[in-house]
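So the protein sequences, as listed, match chains A and B. First residue of the first sequence: 1, per the working numbering; consecutive thereafter. First residue of the second sequence: 115, per the working numbering; consecutive thereafter.
Everything labelled a hint here was simulated from the structure, so no lab data went into it. Note that the structure is predicted; figures quoted are calculated from it, not measured. All C-beta atoms, glycine included, are put in the ideal place defined by N, C-alpha and C. Check the hints yourself; a few may be wrong.
[As the list claims (entries may be wrong)] List time: in silico BS3-like cross-link candidates among lysine-lysine, alpha-carbon distance up to 25 Å:
#1 B:K191 / A:K1
#2 B:K163 / B:K191
#3 B:K163 / A:K1
[What the hints assert, rightly or not] Using C-beta positions, here's what the derived DEER-type ranges look like:
#4 A:T80 / B:N131: 47 to 57 Å
#5 A:S70 / B:E129: 46 to 56 Å
#6 A:Q44 / B:Y153: 32 to 42 Å
#7 B:L202 / A:P61: 25 to 35 Å
#8 A:G16 / B:E178: 43 to 53 Å
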Amino acid sequence: KAGVTQTPRYLIKTRGQQVTLSCSPISGHRSVSWYQQTPGQGLQFLFEYFSETQRNKGNFPGRFSGRQFSNSRSEMNVSTLELGDSALYLCASSLAGGQADTQYFGPGTRLTVL
Amino acid sequence: AQSVAQPEDQVNVAEGNPLTVKCTYSVSGNPYLFWYVQYPNRGLQFLLKYITGDNLVKGSYGFEAEFNKSQTSFHLKKPSALVSDSALYFCAVRDWRNAGKSTFGDGTTLTVKP
Chain A
1 KAGVTQTPRY LIKTRGQQVT LSCSPISGHR SVSWYQQTPG QGLQFLFEYF SETQRNKGNF
61 PGRFSGRQFS NSRSEMNVST LELGDSALYL CASSLAGGQA DTQYFGPGTR LTVL
Chain B
115 AQSVAQPEDQ VNVAEGNPLT VKCTYSVSGN PYLFWYVQYP NRGLQFLLKY ITGDNLVKGS
175 YGFEAEFNKS QTSFHLKKPS ALVSDSALYF CAVRDWRNAG KSTFGDGTTL TVKP
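Model the full assembly from the supplied sequences, consistent with the hints where possible.
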């Protein structure tokens, strides 16, 4: 099976712009979670989608949003970018998002905000 | 709230020696515990998980982990380290109340010297 794919792999934006990141889960997986990884804060949970519905949300401002499509692909959007949004954004998919389900991670999108 | 602690930022071992990367957790109810490895500029790779049953869990690449309920620990081990094991290791815990959310430790950098 193909793994989790994320596009683009690298992005450079300037402050105030917005950005959309894409994630394609493993075939058959219906849960997609997003994480932000930074040297200072480590891995922080953004949100989780299952069957096109957001089921869980982390402690991030409303500038961070996401959605999931009927084929389980997911996008996340960050509006009004700030320097502190520079990070590696990781997407993870699992069968149903249950506590015993293994999350499989994509390679990430490296976002740099100038 | 669920939490994970990895008390060592760095672990250094010689090739061929056994290695241990430590993890302690806090969670309400039964713990669901995971270990991941991250290589530079890559996403997280799943190594192993504990759900229930045997306290010694075997995973990928010769890694195993020992679950200890009384000490709330889930240490990662390998009998004989390889230089190629050098990477960043994350312990994670899942909670039945938080769909799709893993809470990660801060990570431990493992360096295996030839």
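Comparing the hints with the structure gives:
1. B:K191 / A:K1: Distance ~29 Å between K191 (chain B) and K1 (chain A) Cα, so the pair is violated.
2. B:K163 / B:K191: holds (13 Å)
3. B:K163 / A:K1: With Cα atoms ~21 Å apart, K163 (chain B) and K1 (chain A) stay inside 25 Å; holds.
4. A:T80 / B:N131: 47 to 57 Å: holds (50 Å)
5. A:S70 / B:E129: 46 to 56 Å: holds (49 Å)
6. A:Q44 / B:Y153: 32 to 42 Å: For Y153 (chain B) against Q44 (chain A), whose Cβ atoms are near 20 Å apart, the range 32 to 42 Å is violated.
7. B:L202 / A:P61: 25 to 35 Å: Between L202 (chain B) and P61 (chain A), where Cβ atoms are some 27 Å apart, the hint holds.
8. A:G16 / B:E178: 43 to 53 Å: This hint holds: roughly 49 Å between Cβ atoms.
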